[in-house]
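Asks: Taking the hints into account, I'd like the entire structure generated from these sequences.
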Amino acid sequence: MSVMTTTAGIQRFWRRSILEPLTIIWRNKRAFAGFLILLFFFLMATVGPEVIPLDMKSRYAERFQPPSRAHVLGTDYAGRDVWALIVHGSRDVLFVAFLAALFTIAIGVTVGMLAGLRGGMTDTLLMILTNAILTVPSFPVMLIIGSVLEVRNAITFGAVLSIWAWGGLARATRSQVLSLKEREFIEAARVLGLGTFHIIFKELLPNIMPYVTISFLTTMRGAITASVGLMLLGLMPFSAKNWGMMMNMAMMQSGAIYLPYALSYVLAPMGAIVLLQLGAVFFASGLDEVLDPRLRAT
Amino acid sequence: MITIAKRVGVALITIFLIATLTFFLVRKTPGDVMQAWAMDIVETYSMTYEDALAFVKSMYSYDPDQPVLEQYIAYISGLLRGDLGQSFIYKVSVNEVIAQALPWTVFVTSISLLLSFGIGMLLGMIIAWKRKTILDPIVTAYASFTGATPDYVTALVLLIIFSINLHIFPLKGAYDAVVPVGFTWPFIKSVLWHAALPITAYTFESAAGWALAMKGSAVSVLGEDYIMAARARGLKEGRIMTRYMGRNALLPMITGLAIALGSMVGGSVLIETIFAYPGIGWFFGEALIKRDFGMLQGLFLFLATAVIFANLAADLLYTRLDPRIKLEG
Amino acid sequence: MKPELTSTSDSKQDKQPLLSVRDLVVEYSIRQGTLRAVDRASLDVHPGEVMAVVGESGCGKSTLAYSIIRQVPYPGEIKGGDIYFDGREVLDLDRKALRQFRWKEIAIIFQAAQNTLNPVMRIADQMIDTVLDHEKQSKEQIIQKAGILLERVRLDPNRVLHSYPFELSGGMRQRVIIALSLLLNPRMLILDEPTTALDVVTQVYILDILADIRHDLGLTMMLLTHDIAIVARVADRVAVMYAGQIVEEGAINDIFYRPRHPYTYGLIHSAPSLVGDLMKKKPIEGAPPNLLNVPTGCRFHPRCAYATSVCQEKEPVMEATGRWRVACHHWREIERGE
Numbered sequence: 004m005s006v007m008t009t010t011a012g013i014q015r016f017w018r019r020s021i022l023e024p025l026t027i028i029w030r031n032k033r034a035f036a037g038f039l040i041l042l043f044f045f046l047m048a049t050v051g052p053e054v055i056p057l058d059m060k061s062r063y064a065e066r067f068q069p070p071s072r073a074h075v076l077g078t079d080y081a082g083r084d085v086w087a088l089i090v091h092g093s094r095d096v097l098f099v100a101f102l103a104a105l106f107t108i109a110i111g112v113t114v115g116m117l118a119g120l121r122g123g124m125t126d127t128l129l130m131i132l133t134n135a136i137l138t139v140p141s142f143p144v145m146l147i148i149g150s151v152l153e154v155r156n157a158i159t160f161g162a163v164l165s166i167w168a169w170g171g172l173a174r175a176t177r178s179q180v181l182s183l184k185e186r187e188f189i190e191a192a193r194v195l196g197l198g199t200f201h202i203i204f205k206e207l208l209p210n211i212m213p214y215v216t217i218s219f220l221t222t223m224r225g226a227i228t229a230s231v232g233l234m235l236l237g238l239m240p241f242s243a244k245n246w247g248m249m250m251n252m253a254m255m256q257s258g259a260i261y262l263p264y265a266l267s268y269v270l271a272p273m274g275a276i277v278l279l280q281l282g283a284v285f286f287a288s289g290l291d292e293v294l295d296p297r298l299r300a301t
Numbered sequence: 242m243i244t245i246a247k248r249v250g251v252a253l254i255t256i257f258l259i260a261t262l263t264f265f266l267v268r269k270t271p272g273d274v275m276q277a278w279a280m281d282i283v284e285t286y287s288m289t290y291e292d293a294l295a296f297v298k299s300m301y302s303y304d305p306d307q308p309v310l311e312q313y314i315a316y317i318s319g320l321l322r323g324d325l326g327q328s329f330i331y332k333v334s335v336n337e338v339i340a341q342a343l344p345w346t347v348f349v350t351s352i353s354l355l356l357s358f359g360i361g362m363l364l365g366m367i368i369a370w371k372r373k374t375i376l377d378p379i380v381t382a383y384a385s386f387t388g389a390t391p392d393y394v395t396a397l398v399l400l401i402i403f404s405i406n407l408h409i410f411p412l413k414g415a416y417d418a419v420v421p422v423g424f425t426w427p428f429i430k431s432v433l434w435h436a437a438l439p440i441t442a443y444t445f446e447s448a449a450g451w452a453l454a455m456k457g458s459a460v461s462v463l464g465e466d467y468i469m470a471a472r473a474r475g476l477k478e479g480r481i482m483t484r485y486m487g488r489n490a491l492l493p494m495i496t497g498l499a500i501a502l503g504s505m506v507g508g509s510v511l512i513e514t515i516f517a518y519p520g521i522g523w524f525f526g527e528a529l530i531k532r533d534f535g536m537l538q539g540l541f542l543f544l545a546t547a548v549i550f551a552n553l554a555a556d557l558l559y560t561r562l563d564p565r566i567k568l569e570g
Numbered sequence: 020m021k022p023e024l025t026s027t028s029d030s031k032q033d034k035q036p037l038l039s040v041r042d043l044v045v046e047y048s049i050r051q052g053t054l055r056a057v058d059r060a061s062l063d064v065h066p067g068e069v070m071a072v073v074g075e076s077g078c079g080k081s082t083l084a085y086s087i088i089r090q091v092p093y094p095g096e097i098k099g100g101d102i103y104f105d106g107r108e109v110l111d112l113d114r115k116a117l118r119q120f121r122w123k124e125i126a127i128i129f130q131a132a133q134n135t136l137n138p139v140m141r142i143a144d145q146m147i148d149t150v151l152d153h154e155k156q157s158k159e160q161i162i163q164k165a166g167i168l169l170e171r172v173r174l175d176p177n178r179v180l181h182s183y184p185f186e187l188s189g190g191m192r193q194r195v196i197i198a199l200s201l202l203l204n205p206r207m208l209i210l211d212e213p214t215t216a217l218d219v220v221t222q223v224y225i226l227d228i229l230a231d232i233r234h235d236l237g238l239t240m241m242l243l244t245h246d247i248a249i250v251a252r253v254a255d256r257v258a259v260m261y262a263g264q265i266v267e268e269g270a271i272n273d274i275f276y277r278p279r280h281p282y283t284y285g286l287i288h289s290a291p292s293l294v295g296d297l298m299k300k301k302p303i304e305g306a307p308p309n310l311l312n313v314p315t316g317c318r319f320h321p322r323c324a325y326a327t328s329v330c331q332e333k334e335p336v337m338e339a340t341g342r343w344r345v346a347c348h349h350w351r352e353i354e355r356g357e
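Chains as they are written, first to last, in this note's numbering: chain A, 4 to 301; chain B, 242 to 570; chain C, 20 to 357.
Bear in mind the hints are in silico, worked out from the structure with no lab data behind them. Don't take each hint at face value.
What the hints assert, rightly or not - As a list, the in silico DSS-like pairs of lysine-lysine whose alpha-carbon atoms are at most 25 angstroms apart:
no. : chain 1 : residue 1 : chain 2 : residue 2
1   : B       : K430      : B       : K413
2   : C       : K115      : C       : K155
3   : C       : K115      : C       : K98
4   : C       : K123      : C       : K164
5   : C       : K158      : B       : K477
6   : A       : K184      : A       : K205
7   : C       : K158      : C       : K123
8   : B       : K477      : C       : K115
9   : B       : K413      : B       : K531
10  : B       : K413      : B       : K332
11  : C       : K333      : C       : K34
12  : C       : K34       : C       : K123
13  : B       : K477      : C       : K164
14  : B       : K531      : B       : K332
15  : B       : K531      : B       : K371
16  : C       : K123      : B       : K477
17  : B       : K371      : C       : K115
18  : C       : K123      : C       : K155
19  : C       : K98       : B       : K371
20  : C       : K158      : C       : K115
21  : B       : K477      : C       : K333
To be verified - Label-pair ranges, simulated between beta-carbon atoms:
no. : chain 1 : residue 1 : chain 2 : residue 2 : range
22  : C       : R107      : A       : R186      : 52 to 60 angstroms
23  : C       : E154      : A       : E23       : 38 to 46 angstroms
24  : B       : G250      : A       : K205      : 34 to 42 angstroms
25  : B       : F265      : A       : M130      : 52 to 60 angstroms
26  : A       : R186      : C       : Q331      : 13 to 21 angstroms
Ideal Cβ positions, reconstructed from N, Cα and C, are used throughout, including at glycine.
Replies: The structure is reproduced here in structure tokens:
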């Protein structure tokens, strides 16, 4: 029996969580455009650094050059190619955001399940905590944590970005668990001797997939914005190809914003962020349809 | 009555939680920060190292060498007295910093909130009312764009275009240092001029969000039976739009507004830093960069408390405004 | 179920009809296609008369009623026909005239289950709004009149006027809505399932009130319902609708004691009564057709016990005498009771 239900479960999971959403995205123009943009950045982050060389040598004679055939987006304060910087920087940015999203999902789902399954005092306490997380604005918190702790690598950075981000997912998971708990078949299955945790987990996963996916995207977006913001304030370890750091250098240290011809250096990372976020926003609008079947065009 | 007490209780517990969190966070400040500071003082003021270290410790509202529990108690009792701590770099209490910075932040954020809420409400209602206008896709596109653009990007772009290149607006500060403070026109004009770009940055970001929220609320109200019944009664369209749709659609917005009011207090660290506008957010940024943990802690607690109370107020306000909801937990 | 003789329907026929619907066509454009909710329906309602329009859910009676005040819900549209009220063509009224027309000439009482009152306004304010948008009166005048009407529907004005809708029970709300409908002295009331969502006791109460109003004010009423029992209590004439068409129309006695359309026959005899053998009651087999894909010929033929091949091929034409009309190929056999 368990093999059959597992196969059926996997089929259901495949259909509901992967095939259906993909079909919807394909049909929705905005979502598809978003998907393409995200794909572009994904490629940029994974393949880009291998394809486009980055010469970190400083060439002060060539600093702040406007876009030209040699340098598509100009050069930075040390004469380095901006486009190469962006491409190489994308890897860090996206990787950290990815980690942050991963951690957020792990924490959020765990907290939600604990609260929903245990109930009682555990639930109340966890909910007060979740409430605090949701109410208090996350950016100042991350700023403080970032300045107190030493953030040296991507994993720590990702963890810091995820600490205050899991509230929404926890709440959603908890409601799903609670509604599942009340369904009659849980009682029936319990009578048959199957463990509650086991059942709920199997039923829970496909039901919270939409929330998880949305949460993933939202957290990545938030993480990108926050990480760049943190770097903009100079709080993170220095690295010239980091988008936020590029903006920091441009704004605060090198005076690039005051030079009209250095504009491409200033605008490039900003444009990259905006484009990436736009892609995420468009893609997410397609996810709206996945979550709420009433919105679907068919 | 009981539920009000319950909600207030939860709010207080949350604040307490945040305070505790902050306490333990700040305690984690690397010891070398304190040592570095002490060394700094030794060089600048030629104190002995022990004196310098003692001075540094006194800047924290507790003595780091004492057992944790005593420190904690000292900290909490300080909080209950309204003592938010000391700023290390400015050598004044955090309360004084807040007193100076808060008016500027509130000035800018309140005007922005007014503008973006007002514009948003109007746009949202119009879009919902007339089913197919060109406004709808425009506003939706605008909302996507501003949703994708982080606030610091907007601020930077505005700064670059309007301050640096076009020289219309000033680069920094709340007002021209040259102008004497007072209720004179030159001063007021200077203040307004300096506030223009920050206000634009805030408003630009949030107006579309309000519009879409209002649209969503209005659309769901328009689907209700009483709107159709109102039309069947031959009521004027204008009256239906305001008293029948508007009132009902606005209700859910009130909570969002109250919460936004609470967040007003903190301002945006990045926007204020970019415009060098001396509000709470700017001081927060300074505290971060200069490792002023006393001020960091105090400002953050102030921020968090404001937001938590705003949420509480929003909860209670909504129950009073909607005659249908009775305070029954 | 013996219908009460509420009036002599014959004499009413001589006067000019107050409401005259001719060949009305209403269509809904939905994703799957065009749905014709009302298909060339014609109807006359004479002054002082109570006309009941009966039919199953989805037969088009609500759409028909809403068309009269030109409030067909989106995405529906009136595509053809005429509607004359007191001689004027309603479909020609401009927006301002239409707004005045609504409620002042015809008021509509919606189904009790719907929340037709603004939940965040007091009853008194909603009454005032209704009047002020039609005529100029002082608030005191309006409140006074509202008070009288509320008493007429057996409510206490002091209690009700300052309340919000949610503070009143379902039956009370329905009575408020009835009072509201009389504020501008309309000539006609349309009642859409006025008692369906209420319990039986309240139903009778409401019907009682309606009978009183009708008697005192001489109102003309069009009553939409699927409940035969109510029809028996209050109606003078009955129009039977099926799948967007009117299949039979006549005086109450004719409809009840001499139905000529198989559907009417089925409706009458499927309603349980306190007398008589429940076992003999037979429901009508089958279900109403999908309006996107109506049966050929007579729309009722798939469910009809009397159907023959002609019923499948040709749509029956409406045949009429002075007092009744019916659209069926075999009405004569049904009349003879076969």
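Asks: Now look at each hint and say whether the structure bears it out.
Replies: Checked hints:
Note on K430 of chain B and K413 of chain B: the hinted pairing holds, with a Cα-Cα distance of about 15 angstroms set against a maximum of 25 angstroms. A C-alpha spacing of about 16 angstroms is found between K115 of chain C and K155 of chain C, which places the hinted pair at or below 25 angstroms, so the restraint holds. A hinted pair counts as satisfied when its Cα atoms are at most 25 angstroms apart, and K115 of chain C with K98 of chain C qualifies at roughly 21 angstroms. For the hint pairing K123 of chain C with K164 of chain C, the CA-to-CA distance comes to about 15 angstroms; that is within 25 angstroms, so the pair holds.
About 17 angstroms separates the Cα atoms of K158 of chain C and K477 of chain B, which keeps this hinted pair within 25 angstroms; it holds. With a C-alpha separation of about 13 angstroms, the suggested pairing of K184 of chain A with K205 of chain A holds against the 25 angstroms cut-off. The straight-line distance between the Cα atoms of K158 of chain C and K123 of chain C is roughly 18 angstroms, inside the 25 angstroms bound, and the hint therefore holds. With a C-alpha separation of about 9 angstroms, the suggested pair K477 of chain B and K115 of chain C falls inside the 25 angstroms cut-off, and the hint holds.
With a C-alpha separation of about 20 angstroms, the suggested pairing of K413 of chain B with K531 of chain B holds against the 25 angstroms cut-off. A hinted pair counts as satisfied when its Cα atoms are at most 25 angstroms apart, and K413 of chain B with K332 of chain B qualifies at roughly 24 angstroms. Note on K333 of chain C and K34 of chain C: the hinted pairing is violated, with a Cα-Cα distance of about 35 angstroms set against a maximum of 25 angstroms. Between the alpha carbons of K34 of chain C and K123 of chain C the distance comes to roughly 22 angstroms, so the proposed pair stays at or under 25 angstroms and holds.
For the given pair, K477 of chain B sits about 21 angstroms from K164 of chain C by alpha-carbon distance, which is consistent with the 25 angstroms threshold. At most 25 angstroms may separate the alpha-carbon atoms for a hinted pair to count; K531 of chain B and K332 of chain B meet this at roughly 13 angstroms. Straight-line distance between C-alpha atoms of K531 of chain B and K371 of chain B comes to about 53 angstroms, which puts the hinted pair past the 25 angstroms bound. About 14 angstroms separates the Cα atoms of K123 of chain C and K477 of chain B, which keeps this hinted pair within 25 angstroms; it holds.
Only pairs whose Cα atoms come within 25 angstroms are accepted, and K371 of chain B paired with K115 of chain C is accepted, the gap being roughly 18 angstroms. With a CA separation close to 13 angstroms, the supplied pair K123 of chain C and K155 of chain C stays within the 25 angstroms bound. Proposed proximity of K98 of chain C and K371 of chain B is supported: the alpha carbons are some 23 angstroms apart, at most 25 angstroms. Distance hint between K158 of chain C and K115 of chain C is fulfilled; the C-alpha atoms sit about 23 angstroms from each other, no more than 25 angstroms.
Pair hint K477 of chain B plus K333 of chain C does not hold up; C-alpha atoms about 47 angstroms apart against a cutoff of 25 angstroms. Between R107 of chain C and R186 of chain A the beta carbon distance is about 59 angstroms. The supplied range of 52 to 60 angstroms therefore holds. Remark: the range hint 38 to 46 angstroms for E154 of chain C to E23 of chain A is contradicted by a beta-carbon distance near 57 angstroms. For the pair G250 of chain B and K205 of chain A, the beta carbons lie near 38 angstroms from each other, so the given range of 34 to 42 angstroms is met.
Between F265 of chain B and M130 of chain A the beta carbons are some 22 angstroms apart, a value that contradicts the proposed interval 52 to 60 angstroms. Checked against the hint of 13 to 21 angstroms, the C-beta distance between R186 of chain A and Q331 of chain C comes to roughly 48 angstroms, which is inconsistent with it.
Going through the hint list in order, the structure does not satisfy hints 11, 15, 21, 23, 25, 26.
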